[in-house]
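Asker: Single-letter residue listing:
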Amino acid sequence: MAHGPAPGFSRWLYTTNHKDIGSMYLWFSFAMFFIGGMFALVIRAELFQPGLQIVEPNFFNQMTTLHGLIMVFGAVMPAFVGLANWMIPMMIGAPDMALPRMNNWSFWILPFAFAMLISTLFMEGGAPNFGWTFYAPLSTTYAPASVTFFIFAIHIMGASSIMGAINIIATILNMRAQGMTMMKMPLFVWTWLITAYLLIAVMPVLAGVVTMMLMDIHFDTSFFDAAGGGDPVLFQHVFWFFGHPEVYIMILPAFGIVSAIIPTFARKPLFGYSSMVYATASIAFLSFIVWAHHMFTVGMPLFGEMVFMYATMLIAVPTGVKVFNWVTTMFRGSMTFETPMLFAIAFVILFTIGGFSGLMLAMAPADFQYHDTYFVVAHFHYVLVPGAIFSITAAVYYWLPKWTGHMYDELMGKVHFWIAFIGLNVTFFPMHFSGLAGMPRRIPDYNPLWADWNMISSVGAFLFGAAQVLFLYNVIKTIVVGRKATSEVWEASHGLEWTVPSPAPYHTFTRPPDVPDDDAHLVAGTP
Amino acid sequence: MLKLSSRWFAWTSSVVLAVASYGVAAGEWPLNMTKGVTDVSHNVYGLHMTILFWCIGIGVVVFGVMFYSMAMHRKSMGAKAANFHESTTLEIIWTAIPLLILIFMAVPATSTLKQLYDTEDADLDILVTGYQWKWKYEYLGEEVSFYSNLSDASRNQIYGPKEKSTDYLRDVDNPLIIPVGKKVRFLVTAADVIHSWWVPQLAVKRDAIPGYINESWTFVEEPGVFRGQCAELCGKDHGFMPIVVKAVPQAEFDAWLGEQRLAALAVAEAAKQHLSFDELYSQGESVYNARCAACHQPNGAGVPGVFPAIAGSKVATGVLETHLATIIHGVPGTAMQAFADQLTPVEIAAVITYQRNAFGNNMGDSLQPIDVVNFTQNQ
Ligand code: HEM
Ligand SMILES: [Cu+2]
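The listed protein sequences derive, respectively, from chains A and B.
First residue of the first sequence: 0, per numbering that gives the first Met the number 0; consecutive thereafter.
First residue of the second sequence: 0, per numbering that gives the first Met the number 0; consecutive thereafter.
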């Protein structure tokens with residue numbers, strides 16, 4: 000009997016198929032990326048010139064908050080989970096995810112969480128307006144009533160992430176084909192395994208902190224209320240104990256993606272496979288002991304400041320190893336520059352620039368000047384947009400032929416890349432300057448001193464936004480009229496996912512695949 | 000290769016030139032951190048430049064290798080891929096060298112950090128308190144304290160197409176005055192949410208947190224005016240919370256302190272006078288616009304769900320005592336602050352009179368400054 004998908008909408012509602020769920024995650028993320036992007040454009044439109052023109056300050060704060068929350072929890076994380084769903088079983092030779100029924104749940108609760116979050120915009124008092132870091136007591140004692148919906152939304156997102164993470168760990172540990180040892184797993188699988196542990200470790204911390212908020216707001220506790228004996232700084236410690244690993248949750252899978260793409264288009268094996276694994280693990284470990292570098296100005300004791308400064312600086316070492324390895328993979332390769340490779344190379348360059356500004360931020364005394372200015376906004380967008388978004392985009396172009404069986408339009412892909420690349424740099428590079436020159440972040444209006452750079456940033460932002468419309472068009476066009484793709488798709492593709500036909504059959508590996516028993520998993524080119 | 004690089008060069012250089020020439024034409028393109036005016040700020044600036052140059056150096060090497068490979072090792076140029084993928088030596092080298100660089104950078108960072116933390120032996124202590132959305136400055140032991148708000152000049156330029164002045168959003172009604180040649184310690188706290196007191200040229204940034212008193216310090220050698228802003232999201236007017244520090248010679252500072260004490264006496268004196276309804280109403284209107292309108296809106300309509308309206312409000316159209324108590328004590332746990340020592344008795348009497356008779360609240364009653372004084376004393 001042919002195990003095809005069920006017809007109609009119930010296929011998507013009840014599905015337990017990792018490919019269907021992966022696609023739903025990706026489309027959901029894409030939708031959120033556009034909504035979060037629209038909010039960013041509201042911000043950039045208001046900041047186009049000094050003075051208040053378009054929105055009121057309170058609404059401006061709602062836009063920054065929702066933009067940040069939606070990009071982090073709605074766009075980046077679900078996209079990575081979607082890629083994990085699609086690719087991990089195929090990469091390790093598993094027929095499906097280990098816990099398919101739970102997989103269905105962990106996706107379907109997400110749209111509810113975000114519907115709830117976005118609906119706060121229409122409530123009396125408006126949406127959350129305290130930034131994605133939602134520092135207490137602004138977010139407790141002084142918040143709009145909709146904060147309770149925000150808390151429930153966060154709880155649901157957290158539950159979804161934890162379920163997704165458990166599923167990924169169970170799949171990787173239990174479902175590998177015979178011969179797929181740990182040190183043979185593609186790096187994407189490795190980085191996701193480590194990410195999943197991070198998720199399980201920190202999402203409960205986030206749930207804890209929002210629950211404490213809920214108690215403060217509705218049940219008269221005083222966790223964060225100094226007047227009742229509570230401690231506003233406690234909030235920040237707990238938040239960043241979640242928040243710092245969270246930023247690695249948004250970057251580690253990206254490391255896995257570029258580690259798959261660069262060898263393919265350099266036609267050369269990835270340099271330093273095992274050191275990549277160790278570097279990823281050390282970054283994950285270090286991410287737990289550096290949270291207070293977000294809080295250098297709260298008034299920690301000198302000793303605490305020093306410890307967190309040194310620990311933060313150390314992260315540069317394993318991160319550096321990864322960058323050097325990617326560059327060495329390109330060195331003496333035989334490179335071509337298809338769209339996924341363009342995005343992957345831009346990832347390496349721009350992420351490194353974001354890493355440099357990160358290193359600068361690690362220097363506590365200098366951070367006193369950078370903290371909460373546009374320099375920080377520039378820094379985290381250089382890691383998040385090229386880091387998370389570009390790697391996801393690269394992954395979509397790279398695997399789209401495998402998913403759909405159709406080739407995307409290469410020329411349009413390249414145009415998308417160049418507009419996005421230019422748009423991104425035009426938007427975010429000047430923010431380094433406005434930040435150094437003293438422009439605080441999260442302000443709706445500013446001194447004319449920073450006017451020129453802000454105008455340029457805003458122009459870049461609209462350019463970047465326009466590029467993404469092209470992306471959407473290209474994806475749809477691929478699905479509808481793309482030309483037929485081969486199984487290998489890329490000349491030097493390597494890994495189990497390329498051994499199955501394109502499009503990948505609804506049920507892959509009904510018979511366990513053969514895994515090459517040398518280190519052929521490292522070697523690019525036909526095995 | 001040649002074709003490629005010349006094209007790249009032409010592109011990048013024309014972009015750089017275009018930006019640069021526009022910059023020359025338009026004037027201001029601030030690029031870098033301020034050097035500032037204190038020893039600490041110079042050290043911070045030096046540290047910033049040191050790391051920046053290390054980063055640029057490393058970037059040149061890494062991107063150099065990368066661009067070289069991209070230019071020379073491309074398939075279209077007939078490059079054949081090598082097959083190496085492991086080298087323990089290389090990997091040890093590029094773990095060890097960055098570690099050394101980091102140690103090298105940690106040394107100046109540590110010493111500057113220690114200097115920033117050295118708040119001992121100050122000549123003058125100033126308590127800085129953050130409020131939504133203003134600062135309060137108290138000269139400890141000097142019996143002088145006052146509030147510092149966004150200046151009216153800036154406030155009037157926010158909306159509409161008006162030309163913005165040079166210090167738009169960076170000037171205040173009452174700047175903080177400090178003496179030159181003295182070590183001034185700032186004790187920083189907040190009364191409602193978290194703010195952050197930041198003056199770039201002094202390299203001072205400290206979070207102002209309810210329930211905490213943070214310390215920082217400065218030593219300014221030459222007179223000058225230094226501007227900054229609140230650097231922690233503190234609600235809707237976070238962008239409108241500037242800081243201005245004016246450093247003056249000691250003699251001028253002492254004279255200023257004296258004036259402040261006299262002014263406090265004058266306020267007490269003014270509380271005894273009797274004002275006509277019209278005087279109260281018109282003075283109340285300006286107090287309202289400066290201090291209340293940010294939340295309750297200039298037309299008294301408030302922001303539904305966020306800030307209550309004054310027009311037709313239970314308080315402003317109810318018992319006078321309650322209205323007075325609300326202004327004096329604020330409403331704890333909300334953005335409504337206790338205005339008892341932010342406004343003078345005259346201002347409180349005036350603004351209450353205004354609120355009870357404006358926006359269609361035709362209560363017809365009014366309040367005298369002395370009533371406010373009596374009310375506070377009887378509490
Ligand atoms: C077109 C692309 C984007 C533009 C133009 C843009 C612009 C902005 C702007 C202007 C801010 C406000 C900064 C401030 O005032 O503090 C901001 C904040 C933020 N953005 Fe983006 N952004 C973009 C994409 C992204 C993406 C892809 C992510 C995440 C993956 C992201 C994550 C954030 C976060 C976390 C914040 C902080 C929010 C907060 O302050 O609470 N942004 N962005
Ligand atoms: Cu503030």
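Calculated directly from the structure, the hints in this document are not laboratory data.
Note that the structure is a prediction, hence the values are computed from the model and not measured.
Every residue, glycine too, gets a C-beta built ideally from N, C-alpha and C.
Check before you lean on any hint, since a few could be wrong.
So, partial list: chain A residues that the calculated Cβ filter (under 10 Å) puts toward chain B [said to hold, decoys possible]:
#1 Pro49
#2 His154
#3 Ala158
#4 Ala225
#5 Val276
#6 Met305
#7 Val316
#8 Ile348
#9 Met362
#10 Tyr445
Asker: Next step is simple, just say for each hint if it's right about the structure.
Answerer: Now the hints, each set against the structure:
The beta carbon of A/Pro49 comes within 5 Å of a beta carbon in chain B, closer than 10 Å, and the hint placing it at the interface holds. With a cut of 10 Å, the hint placing A/His154 at the interface with chain B is violated, because the nearest CB-to-CB distance is about 23 Å. A hinted interface residue such as A/Ala158 counts as satisfied when its beta carbon comes closer than 10 Å to some beta carbon of chain B; here the least separation is about 28 Å, so the hint is violated. Among the interface hints, the one on A/Ala225 holds; its C-beta lies about 3 Å from the nearest C-beta in chain B, closer than the 10 Å criterion.
Violation of the interface hint for A/Val276 is found here, the shortest Cβ-Cβ separation to chain B being roughly 12 Å, above the 10 Å cut-off. Evaluation of the A/Met305 hint against chain B yields a held restraint, the C-beta minimum of about 6 Å falling below 10 Å. At about 5 Å, the closest approach between the beta carbon of A/Val316 and any beta carbon in chain B falls short of 10 Å, and the interface hint on this residue holds. Taken as an interface hint, A/Ile348 checks out: its beta carbon lies about 7 Å from the nearest beta carbon of chain B, inside 10 Å.
This hint holds: A/Met362 has a C-beta 5 Å from the nearest C-beta of chain B, less than the 10 Å allowed. Because the smallest distance between the Cβ of A/Tyr445 and any Cβ of chain B comes to about 7 Å, under 10 Å, the interface hint for this residue holds.
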